[in-house]
Amino acid sequence: MTEPRPPHWAEAFLHLLLAREHRQTVSGDLLEEYRENIHPRRGQVAADRWYVGQVAGFVFSGNWLWAALFSGSFIARTALDWFVPTSDFSARSKVSTAIAVAILLCAGFRAAWQSGLVRSGLLAGIATTFLSAVISAIGTGCLLAMRHDAATFAAIQGSGGLAEVFTLPILLVIPGMLLGALGGMLGGIAGKSIPHRQS
Amino acid sequence: MAEVLGSFEQAVLLAVVRLDDEAYGRAILKEVQARLKREVAAGAVHATLSRLDHKGLLVSRLGPGTEIRAGRPRRFYSISASGRRALNDARAVVDHLWRGFRWPLKGAL
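From first to last, the protein sequence lines are chains C and R.
So for the first sequence, this note's numbering puts the first residue at 3; every next one is plus one.
So for the second sequence, this note's numbering puts the first residue at 41; every next one is plus one.
For the record, the hints were derived by calculation from the structure and aren't laboratory data.
Cβ atoms here follow ideal geometry from the backbone N, Cα and C, with glycine treated the same way.
No false leads were mixed into what you were given.
Subject to a maximum C-alpha distance of 20 Å in a straight line, what follows is the list of computed EDC-like cross-link-like pairs (lysine to aspartate or glutamate):
(1) C/Lys-96 to C/Glu-166
(2) R/Lys-95 to C/Glu-23
(3) R/Lys-95 to R/Asp-129
(4) C/Lys-194 to C/Glu-23
(5) C/Lys-96 to C/Asp-83
(6) R/Lys-70 to C/Glu-38
Label-pair ranges, simulated between beta-carbon atoms:
(7) C/Trp-66 to R/Glu-43: 20 to 30 Å
(8) R/Pro-104 to C/Leu-82: 51 to 61 Å
(9) C/Val-136 to R/Trp-138: 32 to 42 Å
What the simulated footprint calls covered on chain R by chain C, stretch by stretch (three residues with Cβ under 8 Å from a Cβ of chain C suffice, anywhere in the stretch; the number is not a length):
(10) 78–92
(11) 99–106
(12) 111–124
Put together the whole structure using the sequences plus the hints.
In structure tokens, the structure reads:
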């Protein structure tokens, strides 16, 4: 009888998330638990769900810091636009765009440098922007709960409106993917010349 | 002064000490779950092990794979001298904080 296997795509995702020196050992640990404990007790569907959940945990633990930085800068910019309104957004836009680009490049770079796989950068870009879209939505909601007087609503309208604030973080997933991939390429090159620490 | 440890880091280090020669990723995860009496994500344990390893509180070596792991190796961890020192310091701090109290605390809030 063939041994049960978790979803192929989830295993491939996990490989992209792990540093090269941990790729085989950690995926082996999860496979052992999946086959020896989870699959016999819960069956194929629930075991696959468990495995995907574990991979999601790796996505979170590998990218939460970048997502926190990214959403922090987004929420700070939103707060500035709402509470210190201006008619000229160009300087603010340049600064916040530069910060966002730097964070995504770093996320992609680090992921690819650790894993030795350029594709890890792409995944880091998607994960960072996706997680930060969730955090940004919560943070923006908190800002709105803190201040919702007429002057604040006028400032919100003047800076693009509420719809933009809630949809922009989701739309950033695509540029996030591209910048993550670019960071990943740089990380891949750096990984070849400056080897990642082996434990 | 040794490294200051968080409670999850202490749980992971103590699991490594308890498991002795059998301290590899999956066994550590199960030991931590059993001690904390809750589900713990493998990613959280792995991130902590990597951090402790990076700080020099753990040392690791590779062991052979098995059929159920599709031949993938196990990484076995053991505590280093500085890891032991950090655990002892963490325990000493808690003991010092509790000195003079009887456990469990009683009385109205």
